[in-house]
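Asks: Starting from the structure of chain A, add chain B where the hints point.
Here the protein sequences line up with chains A and B, keeping their order. Residue 297 is where the first sequence starts when you use the working numbering, and the numbers rise one by one after that. Residue 79 is where the second sequence starts when you use the working numbering, and the numbers rise one by one after that.
Please keep in mind that the hints were generated in silico from the structure rather than gathered at the bench. You may find that some hints are simply not true.
What follows is a list of derived Cβ distance ranges for each label pair [stated by the list, open to error]:
#1 Ala277/B with Trp555/A: 47 to 53 angstroms
#2 Ser556/A with Leu166/B: 56 to 62 angstroms
#3 Pro456/A with Arg301/B: 46 to 52 angstroms
#4 Ala346/A with Gln170/B: 30 to 36 angstroms
#5 Ala102/B with Asp409/A: 51 to 57 angstroms
Capping the alpha-carbon separation at 25 angstroms, the derived lysine to any residue pairs in SDA-like fashion look like this [what the hints assert, rightly or not]:
#6 Lys134/B with Ala515/A
#7 Lys160/B with Pro456/A
#8 Lys134/B with Cys513/A
#9 Lys160/B with Ser502/A
#10 Lys160/B with Cys517/A
#11 Lys160/B with Ala515/A
#12 Lys160/B with Arg500/A
#13 Lys134/B with Ser502/A
#14 Lys134/B with Arg521/A
#15 Lys134/B with Pro179/B
#16 Lys455/A with Leu357/A
#17 Lys455/A with Val318/A
#18 Lys134/B with Cys517/A
#19 Lys134/B with Glu514/A
#20 Lys134/B with Leu504/A
Glycine included, C-beta positions come from ideal geometry on N, C-alpha and C.
What follows is each chain in one-letter form.
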Amino acid sequence: MSPILDLTVLRPGTGPRARYHVDTRIQDTSAVADFGLQWRTFDPYPELAALSYGHLYGRFLLPRHFFSGKTVVDLGCGNGRLGQFVIADAAAYVGVELSDAVLAFEVPDGALDRVDLVRASMEQVPLVDASADVILCWGALHHVDDYGAALCEMERILKPGGTLLVYVYSDFYAPRENMNRLFGVLEPTAMHAFCVWFFRTIRRWSELDPVLARATCEALCTSPRMHTEWEVIQMFDGLGPEHHHLLERVIAERYAARWSSFSTQAGCFVIRKPASG
Amino acid sequence: MTDVEHWLLLVLSVLVARQRALAAGEPDSVPVAALREPEMFPFAYARGAHRSRFSKDRLARFQTSVLVLEKQDFFSPVSALKPHLRLLEPAQGAVEVKLLPHFVERIALANDDPVRVYYSPLQILFDPSVGFFDPRRESWHAYAGRALAARLPEARVACEATRTRVTWPAGRLELADGPAGAAVFARTSVVEFDLGIEAQGFDVQVRAADPTRGLMADLLRLRSVRSLPIGVAATGDGANGLRLRGAV
Numbered sequence: 297m298s299p300i301l302d303l304t305v306l307r308p309g310t311g312p313r314a315r316y317h318v319d320t321r322i323q324d325t326s327a328v329a330d331f332g333l334q335w336r337t338f339d340p341y342p343e344l345a346a347l348s349y350g351h352l353y354g355r356f357l358l359p360r361h362f363f364s365g366k367t368v369v370d371l372g373c374g375n376g377r378l379g380q381f382v383i384a385d386a387a388a389y390v391g392v393e394l395s396d397a398v399l400a401f402e403v404p405d406g407a408l409d410r411v412d413l414v415r416a417s418m419e420q421v422p423l424v425d426a427s428a429d430v431i432l433c434w435g436a437l438h439h440v441d442d443y444g445a446a447l448c449e450m451e452r453i454l455k456p457g458g459t460l461l462v463y464v465y466s467d468f469y470a471p472r473e474n475m476n477r478l479f480g481v482l483e484p485t486a487m488h489a490f491c492v493w494f495f496r497t498i499r500r501w502s503e504l505d506p507v508l509a510r511a512t513c514e515a516l517c518t519s520p521r522m523h524t525e526w527e528v529i530q531m532f533d534g535l536g537p538e539h540h541h542l543l544e545r546v547i548a549e550r551y552a553a554r555w556s557s558f559s560t561q562a563g564c565f566v567i568r569k570p571a572s573g
Numbered sequence: 079m080t081d082v083e084h085w086l087l088l089v090l091s092v093l094v095a096r097q098r099a100l101a102a103g104e105p106d107s108v109p110v111a112a113l114r115e116p117e118m119f120p121f122a123y124a125r126g127a128h129r130s131r132f133s134k135d136r137l138a139r140f141q142t143s144v145l146v147l148e149k150q151d152f153f154s155p156v157s158a159l160k161p162h163l164r165l166l167e168p169a170q171g172a173v174e175v176k177l178l179p180h181f182v183e184r185i186a187l188a189n190d191d192p193v194r195v196y197y198s199p200l201q202i203l204f205d206p207s208v209g210f211f212d213p214r215r216e217s218w219h220a221y222a223g224r225a226l227a228a229r230l231p232e233a234r235v236a237c238e239a240t241r242t243r244v245t246w247p248a249g250r251l252e253l254a255d256g257p258a259g260a261a262v263f264a265r266t267s268v269v270e271f272d273l274g275i276e277a278q279g280f281d282v283q284v285r286a287a288d289p290t291r292g293l294m295a296d297l298l299r300l301r302s303v304r305s306l307p308i309g310v311a312a313t314g315d316g317a318n319g320l321r322l323r324g325a326v
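One chain only, chain A, in its complex shape:
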């Protein structure tokens, strides 16, 4: 068991083959359940490993062995889409995920003694202070209710000199804001049924009136092309969560003066905590 876990709030869980712990303070909300459903049911990334590899190393511009020998905390790890690459190199890996998607995280036999999976909230991370060399938070912070609290937690558990890798939705997604707020009230199954119906309808319109089909799609920030099942369900990333913050400027401003930070591309930040002070 990793020494960085705060055992006073964790209980052993069952499910994954890896060591698994559940924070006794978490609460299951509909948003949490929706994300779990999304990861477990619709996520196609296991077949798109090269894409995931590109998301991690390409977008953050990381050298191949960046994680080698380091203690890495993956906040919002989902089913281990990016974590699978970290595990291969890291000295220790702690995957933190609030939804039950973590139950689908498949840890290879050779890494079982270096991996801990934890069901916990990013707003209250059950890890001890200054314990992580690297914190990875890909596409999760913008869904957290109190993202300010989550950022404080990241700063708390990161070691001096450590690195924070954060990806949040960029301002490119700003026009989607209103649809997210509307679609946020829909149950996942209703949202899925609507998306399937919508794209079928749009394909028919594309034959009859491509101008209208394109204009409708532009109004809804999507495209009239064929969509995969995964893209259909992610059309507006609207599977129930009412939390959908746009944090690109928040992150940039928060760390601009205090820590060393740079953006590798829209929404992707590499942030280094000062080694002292």
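Replies: Same frame as chain A, now just chain B:
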């Protein structure tokens, strides 16, 4: 969700998206005006051919338009007439289109015969039994009512100057001109909605016999969410109803 509920959600989502754009001072994404007044591409006879000249940014709409030759009683989507049209790009972002001689000859088009080409989003309602929408023949609501009725068994249509009613055993639909937009009222066994679309916003009241099922069950949560869409207000309308208003 039923098909009617899917349509309602699509319309709501477009209107809600539009509200944010309007609030941000961005261009209106919903061509309400085009619904009532189709976009025309004027043709005139000049230099030995029927020609039309328009800005290049309207080309996509032109290619989705319908060509009408009154005297010949000929209607056709422009997309089906490509071999009979020549597109020229004269200069300065303009496009010139001319009808080719073999088409003119085949269809017996005289030099002074009117050629009308127009774009309307209503053409997606095309049905073999109702044909294309022709704004010179009927209003937008009459055409939409007829086209929708063609898909509903046992439907009856009643057209008036400013509104059209469609009734069928399981429901009714009313389409009408609004002061600066359009109004749609529908009642089915599942849901009832009363929608008004204006130049700067919308107002819709939705009710359901059973608010615990279908789209209504989801929409009712809008009354309590912390982050409503920008420019949109949601209020309860009795136990089974919801009113959404969008305004800049």
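Asks: For each hint, tell me whether it holds in the structure or not.
Replies: Each hint, compared with the structure:
For Ala277/B paired with Trp555/A, a C-beta distance near 48 angstroms keeps the hint of 47 to 53 angstroms intact. Evaluation of the 56 to 62 angstroms hint for Ser556/A and Leu166/B yields a pass: the beta carbon distance comes to about 58 angstroms. With their beta carbons about 48 angstroms apart, Pro456/A and Arg301/B fall inside the hinted range of 46 to 52 angstroms. The hint said 30 to 36 angstroms for the Cβ distance between Ala346/A and Gln170/B, and at roughly 46 angstroms that hint is violated.
Between Ala102/B and Asp409/A the C-beta distance comes to about 53 angstroms, which sits within the given range of 51 to 57 angstroms. Between the alpha carbons of Lys134/B and Ala515/A the distance comes to roughly 22 angstroms, so the proposed pair stays at or under 25 angstroms and holds. Restraint check for Lys160/B and Pro456/A: the C-alpha separation of about 68 angstroms exceeds 25 angstroms, so the hint is violated. With a CA separation close to 22 angstroms, the supplied pair Lys134/B and Cys513/A stays within the 25 angstroms bound.
Proposed proximity of Lys160/B and Ser502/A is supported: the alpha carbons are some 18 angstroms apart, at most 25 angstroms. Distance hint between Lys160/B and Cys517/A is unfulfilled; the C-alpha atoms sit about 31 angstroms from each other, more than 25 angstroms. For the suggested pair Lys160/B and Ala515/A, the alpha carbons sit about 29 angstroms apart, so the restraint of at most 25 angstroms is broken. Among the hinted pairs, Lys160/B with Arg500/A is consistent with the structure: their alpha-carbon atoms are about 21 angstroms apart, no more than 25 angstroms.
Restraint check for Lys134/B and Ser502/A: satisfied, since their Cα atoms lie roughly 21 angstroms apart, inside the 25 angstroms limit. Restraint check for Lys134/B and Arg521/A: the C-alpha separation of about 24 angstroms stays at or below 25 angstroms, so the hint holds. Our distance criterion of 25 angstroms between C-alpha atoms is met by Lys134/B and Pro179/B, whose separation comes to about 24 angstroms. With a CA separation close to 21 angstroms, the supplied pair Lys455/A and Leu357/A stays within the 25 angstroms bound.
Between Lys455/A and Val318/A, the direct Cα distance comes to roughly 24 angstroms. Compliance with the 25 angstroms bound is thereby established for this hinted pair. At most 25 angstroms may separate the alpha-carbon atoms for a hinted pair to count; Lys134/B and Cys517/A meet this at roughly 24 angstroms. Between Lys134/B and Glu514/A the CA atoms are separated by roughly 20 angstroms; this keeps the pair inside 25 angstroms, and the hint holds. With a CA separation close to 21 angstroms, the supplied pair Lys134/B and Leu504/A stays within the 25 angstroms bound.
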